[in-house]
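Q: The residues making up each chain are set out below.
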Amino acid sequence: MSFSAILGAWIAAFLTLGIFSYLYRDNPFYKIAEHVFVGVSAAYVAAISFWTQIYPNLFGRLFPKDGPLAFTGLEFDFNHEFNILYLFPLILGLMMLISVFQQFSWMARWGIAYTVAIAAGLKAFGYLNSNVLNQVKASSVDLFSGSLPFFSLGGDSVFNNIVLVVGTLSALMYFYFSKEQTGNFGRFTRLGIYFLMVSFGASFGFAVMGRISLLVGRFNDLIDYSSADYNYATLGVLLFIIVTLGIWSFQNPEQKEN
Amino acid sequence: MKFLEDIILKLGAVDRRVIFVLIGLAVLIPLLTPISLPVRETPTTVKFYDGIEDIPKNSKVLVSFDYGPSTRPEIHPMNVGVLRHMLRNGHQIYISCLWPDGIYMALDALEEITDEVNPDNESTFDIKEYEDYILLGYRPGAEAVIKGLASDLRKVYTVDANGNFIDDIEMMDGIKNLNDFAYIYSGSAGYPGTFEWVKYGGDPTGVPMSSGTTSVQVNEVIPYVQTGQLIGLLAGMPGAAEYEKLINVPGIAIQGMAAQSFAHIVIVLFIVFGNLAFFIKQRRDRKY
Chain A
0 MSFSAILGAW IAAFLTLGIF SYLYRDNPFY KIAEHVFVGV SAAYVAAISF WTQIYPNLFG
60 RLFPKDGPLA FTGLEFDFNH EFNILYLFPL ILGLMMLISV FQQFSWMARW GIAYTVAIAA
120 GLKAFGYLNS NVLNQVKASS VDLFSGSLPF FSLGGDSVFN NIVLVVGTLS ALMYFYFSKE
180 QTGNFGRFTR LGIYFLMVSF GASFGFAVMG RISLLVGRFN DLIDYSSADY NYATLGVLLF
240 IIVTLGIWSF QNPEQKEN
Chain B
0 MKFLEDIILK LGAVDRRVIF VLIGLAVLIP LLTPISLPVR ETPTTVKFYD GIEDIPKNSK
60 VLVSFDYGPS TRPEIHPMNV GVLRHMLRNG HQIYISCLWP DGIYMALDAL EEITDEVNPD
120 NESTFDIKEY EDYILLGYRP GAEAVIKGLA SDLRKVYTVD ANGNFIDDIE MMDGIKNLND
180 FAYIYSGSAG YPGTFEWVKY GGDPTGVPMS SGTTSVQVNE VIPYVQTGQL IGLLAGMPGA
240 AEYEKLINVP GIAIQGMAAQ SFAHIVIVLF IVFGNLAFFI KQRRDRKY
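Just so you know, the protein sequences line up as chains A and B, in that order.
Heads up: the first sequence begins at 0 in numbering that gives the first Met the number 0, then just goes up one per residue.
Heads up: the second sequence begins at 0 in numbering that gives the first Met the number 0, then just goes up one per residue.
Quick caveat, the hints were computed from the structure, so don't treat them as lab data.
Keeping only pairs whose Cα atoms sit at most 25 angstroms apart, straight-line, the calculated SDA-like set for lysine to any residue is:
hint	chain 1	residue 1	chain 2	residue 2
1	B	LYS154	B	ASP166
2	A	LYS30	B	ILE18
3	B	LYS46	A	ASP141
4	B	LYS154	A	GLY125
5	B	LYS154	A	GLU80
6	B	LYS244	A	LEU213
Taking CB as the label site, the calculated pair distances span:
hint	chain 1	residue 1	chain 2	residue 2	range
7	A	THR181	B	LEU31	55 to 61 angstroms
8	A	PHE81	B	ASP114	42 to 48 angstroms
9	A	GLY154	B	ARG16	42 to 48 angstroms
Some chain A residues near chain B, calculated using beta-carbon distances under 10 angstroms:
hint	residue
10	SER40
11	GLN52
12	ASN78
13	PHE124
14	ALA137
15	SER138
16	LEU163
17	ILE211
18	SER212
19	GLY216
20	PHE218
All C-beta atoms in this analysis are idealised placements derived from N, C-alpha and C, irrespective of residue type, glycine included.
Just need the whole structure built from these sequences, with the hints factored in.
A: Given below as structure tokens:
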């Protein structure tokens, strides 16, 4: 095992157990891990965005080899031709950066306005097509189709279609507030609440399952790092954190959790 | 009866740190002493498997790594399985990433299935970059990237992950946009991911697509399977385990399912005890 792999395992074990230590209470190990995570993530995204997008796709098109701006001494050869339109994203991006100075803060609005408008236009079509029209189409089912079995656990059936239609309508009606939800209408919307509760329950179950999956992943790594190949990284770090936290808690009794 | 109620009340008021320790043990013990539990395929996983089987042999397929280390335990086993399945069927794989760290997930997955690294493993392949697969890499921009791929791939990807010009790579000949792929797969952990691929990739182009998602997203993504916008879906770690069983390469997802099951038992028990304690306390308060 190389030195870098062993060092990486020790750092990974420290950061993982540092985050887990929050389950006991807020402490310096958790703070270190949290700050390292946020800092490294931000720096990594900034660096990779520059070298994979801005450098080849923006500079490559504004300052191509033998392009009209070659006299500036800037030349980036990515097989692109000069395209003056790319000057606009460069200017808008610079305006957003300059806004860190108080007197130029208004400049950021132009870039933000452009981004919001593009995003709104792009998303409006996507949502309408994929989430509204296609879903409405899929909910329009033949309730009494002769070709379907009455009941099926896994596939299409008359019973499942009835549940789909009743569930969709009753849940939608629950959000119709122009009529008082009493009498038969009230009973129907109450049915809608039950459908919504089943949906929320399923979401909660899936969320729990997801978190446990992540815990399984971290534990698998910690088990790997506890081997002699990694110089017992997990055990060493665990011992260090427990002893240090014990001393720290003993010296700071007033900060003990409520 | 009062004795039993007192025990339930004590369990209902137990310190949260005790629950953390118990859940930790419920996960850790099955991982240290592997227990084999049966895995039963769900219809969405079977549809997913059939969808990949139905791709004509030796096609060009796009695989997107839209996740990072934080969600690796759920998505990575799926993506490794998908790469194995696709290579087994002779497809050429084009790998894109909407997440910045997706590229490292892709490199790890490729390493796992490469003969050079795992020569004794029967489920690995003698694959070569620019012949069997190409790593296009990460591009920031989320849905704008997918929209760009749908219209002109070469405007989004000038160079691949190694910095080589796309125009100079033979494997890229004939690839102009998403329509030139036979299939799209996204291993997604959130935004950007499955939703964006469906809206701006699969739906507008009509290219068949499927996805593997984290458990948290399943409830929102599964309607896409019912409408046919997604051919199939791998739902979290259980989905990955079912898929590993279908492709007959047991892996880390199947191993993790025992830990999942035991942790769920502990959580369900505490939910039951918590509710019972609540009702007992409510009744006693009313009485006195």
